[in-house]
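My request is simple: use the sequences and hints to build the entire structure.
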Amino acid sequence: MMPIATTILPSAADEIGPRHPGAIYQNVDGRFEVLTVITDPREAAQQLRRKGARWALIVKDTLRPDGIPFVIGSAWTTSDYLLREGTTGPAYAPAA
9 MMPIATTILP SAADEIGPRH PGAIYQNVDG RFEVLTVITD PREAAQQLRR KGARWALIVK
69 DTLRPDGIPF VIGSAWTTSD YLLREGTTGP AYAPAA
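Numbering (my numbering), first residue to last: 9 to 104.
Worth flagging that the hints you see were computed from the coordinates, not collected in a lab. Be aware that a few hints might be false.
To be verified - Just the calculated beta-carbon pair ranges, DEER-fashion:
hint, residue 1, residue 2, range
1, Q34, D74, 14 to 20 Å
2, G25, R57, 40 to 46 Å
3, R50, G30, 43 to 49 Å
4, S82, I12, 17 to 23 Å
5, D74, L17, 33 to 39 Å
6, M10, T86, 30 to 36 Å
7, R92, P11, 25 to 31 Å
Backbone N, C-alpha and C define an ideal beta-carbon position, used for all residues, glycine too.
Rendered as structure tokens:
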């Protein structure tokens with residue numbers, strides 16, 4: 009019998025990283041303020057328009073004067089760095 013390979017996915021919290029509501033982080037794409045963290049997979053999938061979404065963030069680019077909020081689903085990586093921590097209340101805000 010052949011062994012079955014299993015893949016362990018990182019948790020949603022690991023993928024979101026320290027991006028709590030109110031946090032500001034920066035990467036090569038810009039400097040972003042986290043407005044909302046959506047942890048309901050149905051809402052995240054609807055917001056991102058993809059079936060496999062487990063979470064989503066609504067952010068705005070603080071370097072742009074017209075920083076219009078938009079939805080992202082990219083995981084926290086070593087290219088991201090936190091400039092300001094988010095709220096100390098609940099880890100995740102309900103979807104707007």
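Going down the list of hints, with the structure as the test:
In this structure, Q34 and D74 meet the distance hint of 14 to 20 Å, their C-beta atoms being roughly 18 Å apart. Separated by about 23 Å at the C-beta atoms, G25 and R57 break the suggested range of 40 to 46 Å. Here the CB-CB span from R50 to G30 is close to 25 Å, at odds with the stated 43 to 49 Å. For the hinted restraint 17 to 23 Å between S82 and I12, the CB-CB distance of approximately 30 Å leaves it violated.
Taken as a hint, the range 33 to 39 Å holds for the pair D74 and L17, whose Cβ atoms sit roughly 36 Å apart. For the pair M10 and T86, the beta carbons lie near 35 Å from each other, so the given range of 30 to 36 Å is met. Judged by the Cβ atoms, the range 25 to 31 Å given for R92 and P11 is violated: they are separated by roughly 46 Å.
Violation of the numbered hints given earlier is confined to hints 2, 3, 4, 7; the remaining hints are satisfied by the structure.
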